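Participant: Chain by chain, the residues run as shown.
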Amino acid sequence: MTANAEVPFTLSVSDAAIELLQKKLDLVRFPDELENAGWDYGSPLTDIKRLVDHWRHNFDWRKSEAEINKLPMFTRDIEIEGFGTLNIHYLHQRSEAENAIPLLFVHGWPGHFLEVRKVLPLLTAKSGDHPSFHVVALSLPGFGFSEAPKTPGFAGRQYAEVLNRLMLSLGYEEYIYQGGDWGHILGVHAVHHYGHKHIKAWHTNMAFFRRPTFFRHPLLFLGLLALPFSRTAKADLQRTMKWSKSGIGYFIEQSTKPQTLGYSLADSPVGLLAWIYEKLVSWSDNYPWTDDEVIEWISVYWFSRAGPAAAGRIYYEMTGGGTHDTFEGTKWSSVPLGVSYFPAEIVHLPRSWSHMLGKLVFESEHDKGGHFASFEQPESLVGDLRKMFGKGGPAYGVVSGKSGYD
Amino acid sequence: MATNAEQPFKISVPDADIELLRKKLELVRFPDEVENAGWDYGVPLADIKRLVAHWKDTFDWRKSEAEINQLPMFTRDIDIDGFGPLNIHYIHQKSEVENAIPLLFVHGWPGDFLEVRKMLPMLTAKSVDHPSFHVVALSLPGFGFSEAPKKRGFSGRQYAEVFNKLMLSLGYNEYAYQGGDWGHVLGLYAVDYYGKKHIKAWHTNMPAFRRPTLFTHPLLFLSMLTLPFRPSEKAALQRTMNWRQTGSGYFHEQATKPQTLGYSLADSPVGLLAWIYEKLVGWSDDYPWTDDEVLEWISIYWFSRAGPAAAGRIYYEMNNGGTGNAFEGAKWTSVPMGVSYFPGEVVRLPRSWSYTIGNVVFESEHDKGGHFAAFEQPEKLAGDLRKMFGKGGPAYGVVTGKSGYDA
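Protein chains in written order, with our numbering: chain S, 2 to 407; chain P, 5 to 411.
Just so you know, these hints were derived from the structure itself, not from any lab.
Just to be clear, a hint being listed does not mean it is correct.
Stretch by stretch, here's where chain P covers chain S in the computed footprint (C-beta under 8 Å, at least three residues) [stated by the list, open to error]: (1) 68-81; (2) 150-156; (3) 180-193; (4) 250-261.
Note that the structure is a prediction, hence the values are computed from the model and not measured.
Don't be surprised by glycine CBs; every beta carbon is placed ideally from N, CA and C.
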């Protein structure tokens, strides 16, 4: 029987773990690099050398830890059918506004729960001019400080169950959902299982779905064949094609052999750094990463509860080991959906395809920002949520008795 | 200007490098594993833990090194147009037989020059019953103990140039070529540039090429559409599809971001071990790997001259950073070609497609053996070469004045 009690959580990495990291950094062996490689072959050597040096000699993990511990964090056991209990780590920040809208924020890979950090004060702030939110942001199972599943097959249905049970356990019978990357894909699953009854509306900053096929979406499909793409749609598709040709090695390896890759990521700080940093830079819109920001981000993976090898397994489980797409088992839902388009998002499909994701009631396009929207452009993202859920907005009042305003 | 002088070569890994490896192994941090994962998610944890313990406590690199140093190894500078000189490491074993056929053996990934080791005595042996070969087996640039290119763009043409200049520098104006994996793909280029004039015949144990299309091979294409595949062909194709669907992550990463991956492979012995061991087992036909065999193999990569990150770049350069494919620059030639089919090979296509690769004059099918044919089934592979090049064989006497037999 699970103890459903919420336990306050304080991040406290052991001295031994920090010492091991430092010893490993002291023994680092770097590869060479081709002349004029730039970013073409992967993370550049000068960047990585500089970051490793910073990690070893300048970065203060205890300082980061203390700052992170100022956030209201908790853990509780969540039971998942067929998988026993998982101890889930989450952030829960209530607004002063009693009738704030409960919002579940779900990160992806290589993200983590701290991606909510900058939007947190904006979302919970009380005002007559915009709605407020009670915010819940978990570490996905296998990420951050949540436990990882121990047995195979933990996929869409199971993630949806964790998310829903967490919100119910916090007293949020009805709530809204926001996510990008896996947060987006799991949103499709969550809404499939718990839409209408629990999830009243949802928002994504990474509109991504299967290609329309003749059978599933005949009009869209025919439109694809017949109509020329607009110039921006063409540029969007080109960027997506580029990602699919030269930036999906990580996806295919993690979908098929996450354990093999995991030995490197668990054992080598520089290996883990390079693996994630490549995406932090290439997937963001010229975000001016500081070395501290990068190293803090990587450290959350390095010191994660389940270890860095566990996170990649989501790719394996959600694709059946590389044998199907991540939307398997879901159907179109009429739960109201909002989409924010950021120009440097990696997967950028024609806007008309967003209708395949759900009942599109809100769209917003920006001229700055990339994949890590909540981290790069917190005001833009929050602005969209405020418009979507605020008075006069298309999702105003979706959650019974929680309009967002007192 | 490159000095063409051949230098005898012995591996001598510095003590400091061995010490660093040991220290890293002592600090190893293992991941966990999903229950009952088997091999589904990648290399099993129990295997890796056992191999790491063996590497740290039992495996004797100096013993391996001494054994390898008994092979006749050399280095020499080879000048490559636009890239300057590269110092290339190779084995060169001549046969007693004066008129032995010069044979260039080319490895692939995650292979190395030592894949020739078991065949060496067989290929060079003198006998009236079969032909003999003078064998040259190099470390590809960026592998083993050869230097790696420093500039971008080192691709099919350049590899072919290295091979040909190496053979010419050894006095072999005409020669035969054998390869699998990259050895096969690079063979296409070598034969395209230097076939007929220098490469008189070639052999592959991994016949792979572009799919026939309506435009390139209309009859073959139409037969694909209309005739059912034989059960053996179906099984072969299934294996190839499995590789594509669930076993090609390494390919995509190495073809697009070899530098990113390289930080892990250069820094983490267990990371490198897992990355390669997955294929040693996955691509062989139940070969009974000993821990020593595995660790010696991985150690070649760990102690390689250019470091383990360099080897993967061949995928990037040959596949144009993931935007092209390695077969694009190669075309069919009429240089006589031999093919050996091994059931455990990972990329297996219908036998009829071999004719799209080259002028097939010899085929041989086996019931045992996988991707690392020279290592797993040396007698079979050497046997095929003897049949192909021996008296009465379809490539007998291709090399002028070097029939493989003394008078």
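Participant: Hints first: check each against the structure and report whether it holds.
Facilitator: Do the hints match the structure? See the list:
1. 68-81: violated (count 0)
2. 150-156: holds (count 4)
3. 180-193: violated (count 0)
4. 250-261: Answer holds; 11 residues pass the 8 Å Cβ test.
Comparing the model with each numbered hint stated earlier shows that hints 1 and 3 do not hold.
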